[in-house]
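All chains, full assembly: derive it from the sequences and hints.
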Amino acid sequence: ETGVTQSPTHLIKTRGQQVTLRCSSQSGHNTVSWYQQALGQGPQFIFQYYREEENGRGNFPPRFSGLQFPNYSSELNVNALELDDSALYLCASSLATGLAGSTDTQYFGPGTRLTVL
Amino acid sequence: AQSVAQPEDQVNVAEGNPLTVKCTYSVSGNPYLFWYVQYPNRGLQFLLKYITGDNLVKGSYGFEAEFNKSQTSFHLKKPSALVSDSALYFCAVRPPFTGGGNKLTFGTGTQLKVEL
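As given, the protein sequences belong to chains A and B, one line each in that order. Here the first sequence is numbered in the numbering used here, starting from 1 and rising by one per residue. Here the second sequence is numbered in the numbering used here, starting from 1001 and rising by one per residue.
Rather than coming from a laboratory, the hints here were simulated on the basis of the structure. These figures come from a predicted structure and were not determined experimentally. Idealized CB from N, CA, C, for every residue including glycine. Keep in mind that the hints are not guaranteed to be accurate.
[As the list claims (entries may be wrong)] Far from chain B, by Cβ distances over 10 Å, these chain A residues were calculated:
| id | residue |
| --- | --- |
| 1 | LEU11 |
| 2 | GLY28 |
| 3 | SER65 |
| 4 | ALA80 |
| 5 | GLU82 |
| 6 | ASP84 |
| 7 | ASP85 |
| 8 | ALA92 |
| 9 | ASP104 |
| 10 | THR105 |
[To be verified] Computed footprint of chain B on chain A, listed as stretches where at least three residues anywhere in the stretch have a Cβ under 8 Å from a Cβ of chain B:
| id | segment |
| --- | --- |
| 11 | 18-24 |
| 12 | 37-44 |
| 13 | 48-59 |
Right, here's the structure in full:
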């Protein structure tokens, strides 16, 4: 098991609502990445936070937003939920050296299963 | 843009036999390659990675992977499969220089089933 924790485990929302998912990174890690894994698919990169700033974003609309806190934990916020947002949301933490070509490995949490009705 | 292909949705193997899970990739420059495993209702567990050096990379739980630059492949292998290896396996790639960010691009996954 990694030291990455996520809450809540499961969540049910209705279309149009807003949701906040939380992630605590592994001790010593300074970077958090979020992924969306739809049923039967591989994880898709949403964005990454490094030193409390967004540091790379995938092909997701602006209603997906995030934060990273001074203790390196992170939140993923999704506004105006749509049915297609139903997925497993994975958080991964890593230790980035800040150098181009960093070889840091991402360690994943157990995920939050979001169901949008 | 980088991409990963896992050509087999499912691989079946008998316990004790060797297993191979295939992965091919496309990326600019020399790739960083990863294998992760996912058990039901769990997150992804890191198995191994290739950055540079020896083409044969050893990882957790007896798994290894062979990097082949000419074939742009990074196949996962294990000499003797266990029933407990049954899970969903993902190959992932990222380019070495992203200018910041560490975006992993995953394949669609291969379900490994090891039978007695």
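Checked hints:
1. LEU11: 14 Å, holds
2. GLY28: The claim holds: GLY28/A sits with its nearest Cβ about 16 Å from chain B, beyond 10 Å.
3. SER65: Given a closest Cβ separation of 17 Å, the condition holds.
4. ALA80: 25 Å, holds
5. GLU82: 22 Å, holds
6. ASP84: The claim stands: ASP84/A keeps its Cβ more than 10 Å from every Cβ of chain B (closest is about 17 Å).
7. ASP85: Fine: 19 Å to the nearest Cβ keeps ASP85/A off the interface.
8. ALA92: ALA92/A is in fact no farther than 10 Å from some Cβ atom of chain B, at 8 Å.
9. ASP104: At about 6 Å from chain B, ASP104/A fails to clear the 10 Å cut-off, so the statement is violated.
10. THR105: THR105/A is in fact no farther than 10 Å from some Cβ atom of chain B, at 6 Å.
11. 18-24: Per the Cβ count (0), the hint is violated.
12. 37-44: As far as the segment 37-44 of chain A goes, the hint holds, because 5 residues have Cβ atoms under 8 Å from chain B.
13. 48-59: Satisfied; 5 residues make the cut.
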